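**Student:** Residue numbers (the working numbering), protein chains in the order written: chain P, 1 to 327; chain B, 328 to 746.
It should be emphasised that the hints constitute simulated quantities derived from the structure, not laboratory data. Quick caveat, the model's predicted, so the values are computed rather than measured. Worth double-checking, as some hints may not be accurate.
Stated by the list, open to error - Partial list, computed: chain P residues near chain B (C-beta under 8 angstroms):
1) GLY41
2) TYR54
3) GLN141
4) ARG253
5) ASP254
6) ARG257
7) LEU258
8) THR262
9) ILE280
10) LEU282
11) ILE314
12) ARG320
What the hints assert, rightly or not - In the SDA-like style, the derived pairs of lysine to any residue whose C-alpha atoms are separated by at most 20 angstroms in a straight line are:
13) LYS265/P <-> GLU726/B
14) LYS702/B <-> PHE317/P
15) LYS702/B <-> ASP145/P
16) LYS698/B <-> ARG237/P
17) LYS702/B <-> ARG170/P
18) LYS698/B <-> ARG220/P
19) LYS522/B <-> LYS698/B
20) LYS204/P <-> LEU527/B
21) LYS698/B <-> ARG320/P
22) LYS265/P <-> ILE423/B
23) LYS698/B <-> ASP223/P
24) LYS702/B <-> LYS204/P
25) LYS388/B <-> PRO444/B
26) LYS388/B <-> LYS417/B
27) LYS702/B <-> LEU39/P
Where a beta carbon is used, it is the ideal one built from N, C-alpha and C, also for glycine.
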Amino acid sequence: MDDKKSITPKQVAEALNMYFNTAELQSLALNMDIPYDDLEGISRSETIISLVKYTQRHGVYEQLIKAIQETRPYINWDKFSQQSVQESKPAALEKDVTNTLNVSSSTHHITSDEVKLAPSSASQQLEDFYFRVNRLQQQFQEIQDITGLNDEETQNLLNLLEDAPHEFLRDLLSRHDDPTLEQYAQNYAEMEHELGIALVGQGKWHAGLRRFDRSLTIRRLLDNLDERADTIYQIGRTYQLMGNLAEAQIRYRDAMRLYQHTGNKAGIAACNLNLGTVAIQLGFIDEGIAQIQKARLAYRQDDNDKKLQEIDEIMHFVHRVKEKERV
Amino acid sequence: MSTPDDLWAQAGDIFDAWGLSEIPFTESAVELGQKQLRQLFTGRENELRQVFNLVRGRERKRIFVYGWVGIGKTAFLREIIGVLERKAPKTLASYISLLPGMDLSTAALIGLARKLPKDDYAQHLLTQMGLPASQRAVEKKTTVKAGLSGSGVETTEETSPFSRPLYPAASFEALLDRAYQKFDRIVIGIDDLEKRNPDLIRQMLRDEQGLLKSNAWFFLTGHPATITHDILARELGLFDLALELKPLDQTTSYRMLVNYLNSVRPKEKQRDYDELQAVWPFTQDTARELCARSEGIPRMLNRLGSYVLLKAAELGAPMITPDVFQAGVEFADQQLRGQSGLTIEEMYILELVLDKGVLSDESVTLEELDKVRTKEFREILPILDNLVQRDLLKRLPSERATEYAPSPLVRIPKSDPPV
């Protein structure tokens with residue numbers, strides 16, 4: 001069922017309920033500029049219905065379906081719409097825990113022959129695993145809502161559940177050569193990268209770093225060095241914003257090495273510019289200026305007026321500081 | 328054939344010839360008692376003067392002491408605390424190391440509570456956390472039996488179960504108020520911030536500004552990369568003084584060596600710094616060589632000194648001549664490089680640093696990183712830091728780059744000039 005128009009709001013709501021945990025729902029909403037915290041509804045299901053209605057009212061329903069399909073490309077909508085949850089909660093929960101653990105433990109016993117699986121096997125495993133973990137998270141959260149449990153152990157368990165699909169994807173990627181899986185991993189890493197940028201833009205540095213780290217762990221397993229460098233660069237930028245200049249410097253230099261290897265001039269210029277500003281912040285003004293000049297040269301060759309203007313503003317500020325020091 | 332008793336006696340003969348009761352060197356100042364520390368501590372006059380001038384003011388201050396691994400931060404902090412305890416009347420001074428899993432408030436709370444052995448609340452808090460207390464914390468329960476007059480009141484005691492204080496910062500404030508009823512100044516020294524993840528420390532400093540700005544004096548020690556040049560720390564105005572401990576000069580290193588040797592000599596055989604025999608069983612030449620090789624880092628002086636004496640004892644050498652000293656240096660190199668548990672990656676990185684002289688995030692190449700199956704310097708940082716902890720490498724005090732060089736205890740390959 002690839003035609004987006006044939007997907008009903010009920011199916012969308014059910015898909016969100018089944019395949020997305022609360023943190024991912026929040027990320028999805030954040031990415032679409034939807035104020036998740038303001039949505040009506042006390043329970044998770046009610047909030048999801050409000051979310052779908054919101055997208056219909058604001059004309060972004062198609063965008064929501066697209067986002068779901070990009071994030072979870074493996075969802076079989078036909079199969080999915082026939083699924084029902086008839087079992088009682090404790091029984092379903094017990095079964096899910098068993099099944100999830102079975103899937104995850106079986107992956108640790110894959111033989112070398114099994115590694116050469118048919119292309120769809122790994123993505124199929126991922127689909128199954130995602131489905132089970134999300135259902136588990138959902139049921140766990142519902143139980144948590146009823147019991148009001150919110151101690152450290154409960155939170156740790158929820159965090160583990162939230163990280164489980166990511167870890168499983170990493171594990172699958174390192175074992176399988178599956179184009180569908182790689183495509184999914186690329187989309188996933190891109191989504192995490194973009195979410196990281198959005199969160200850092202809102203000043204949520206730690207949350208942003210967590211997204212970048214997820215993106216980077218996946219990108220380390222893929223072949224695209226430019227994309228990997230992009231995420232490392234963003235991590236450096238976040239550390240610079242946080243004032244952790246030593247860490248920022250390391251990350252920019254790591255990104256720079258990769259950009260130099262691929263010949264990515266824009267990436268090299270961006271790293272030079274930010275390494276220059278870090279040097280100035282550390283008090284090495286002349287070295288910083290020299291590094292920024294390298295970036296200026298590259299931007300001039302590219303006629304990048306916006307960046308050149310940014311550099312002019314930085315240099316103006318630096319020269320004023322130097323003047324004051326001289327006085 | 329020698330019996331174990333003979334061997335023990337032979338070992339004793341060597342130490343008798345040296346005039347020492349044991350090998351005096353220690354890896355960390357934590358192992359030293361306050362009395363021993365007082366005997367060994369030397370130098371840092373300017374830094375101490377700065378601190379004591381501040382402490383004499385009425386306004387409470389927050390001081391950050393920083394420097395590289397083994398530079399003597401712990402000894403410096405413990406010496407300050409010791410001086411305050413001995414010399415400053417009505418001052419409560421406490422030292423605590425920040426252990427894994429501990430936040431600053433809990434560390435401060437434990438440090439303060441330990442210094443209040445007669446305070447019920449302090450001792451109750453320690454017992455609650457499962458720490459030794461000078462008084463047993465008990466809860467008294469009183470029950471009245473109906474129908475019986477006079478003897479109807481029954482009191483039972485129950486020991487409190489272990490638990491972490493729910494709000495350690497609030498408990499600290501409450502305990503501080505109680506402490507100020509008896510003391511005029513409360514000083515808390517929290518050591519070893521560098522042993523924790525820098526991000527975690529930054530988060531702690533952000534979250535615990537209230538604690539640091541409370542009515543106590545704080546001394547914190549850590550790594551330069553953790554907090555110095557940190558915009559966060561500057562913006563929050565967390566520290567009134569950031570004090571860097573630099574490597575000791577050669578004269579101070581020499582004096583420290585004499586202090587160490589004196590600490591295990593009989594009182595009548597202790598020597599002054601200017602006596603030629605002050606460094607015996609080292610000669611003047613080998614003592615100066617030891618100081619030079621240690622590069623002013625007390626930890627290195629201790630470790631190398633210890634290896635040299637161990638080797639000399641094994642050789643039965645009555646004096647540390649240049650040849651014996653060289654054998655000791657080689658012994659240190661063998662022992663450190665032969666440490667069990669080094670992974671292939673660690674061995675490769677160690678050889679790489681030995682070959683290059685200095686490895687940094689700026690100079691490393693993608694080809695070099697590829698050999699340890701990575702493409703990022705950030706990913707080899709834990710390996711480099713592990714090699715520093717094992718005294719195989721040292722981190723250079725540079726802020727321009729993250730740089731590592733071979734430790735003075737490891738010999739550079741012969742083709743390269745010695746550092």
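**Student:** Each of the hints needs a verdict: does it hold here or not?
**Tutor:** Hints, one by one, checked against the model:
no., hint, verdict
1, GLY41, "violated, 32 angstroms"
2, TYR54, "violated, 34 angstroms"
3, GLN141, "violated, 25 angstroms"
4, ARG253, "holds, 5 angstroms"
5, ASP254, "holds, 4 angstroms"
6, ARG257, "holds, 5 angstroms"
7, LEU258, "holds, 6 angstroms"
8, THR262, "violated, 11 angstroms"
9, ILE280, "violated, 12 angstroms"
10, LEU282, "holds, 5 angstroms"
11, ILE314, "violated, 16 angstroms"
12, ARG320, "violated, 19 angstroms"
13, LYS265/P <-> GLU726/B, "violated, 27 angstroms"
14, LYS702/B <-> PHE317/P, "violated, 35 angstroms"
15, LYS702/B <-> ASP145/P, "violated, 44 angstroms"
16, LYS698/B <-> ARG237/P, "violated, 28 angstroms"
17, LYS702/B <-> ARG170/P, "holds, 18 angstroms"
18, LYS698/B <-> ARG220/P, "holds, 15 angstroms"
19, LYS522/B <-> LYS698/B, "violated, 28 angstroms"
20, LYS204/P <-> LEU527/B, "holds, 16 angstroms"
21, LYS698/B <-> ARG320/P, "violated, 46 angstroms"
22, LYS265/P <-> ILE423/B, "violated, 51 angstroms"
23, LYS698/B <-> ASP223/P, "holds, 17 angstroms"
24, LYS702/B <-> LYS204/P, "violated, 28 angstroms"
25, LYS388/B <-> PRO444/B, "violated, 25 angstroms"
26, LYS388/B <-> LYS417/B, "holds, 17 angstroms"
27, LYS702/B <-> LEU39/P, "violated, 44 angstroms"
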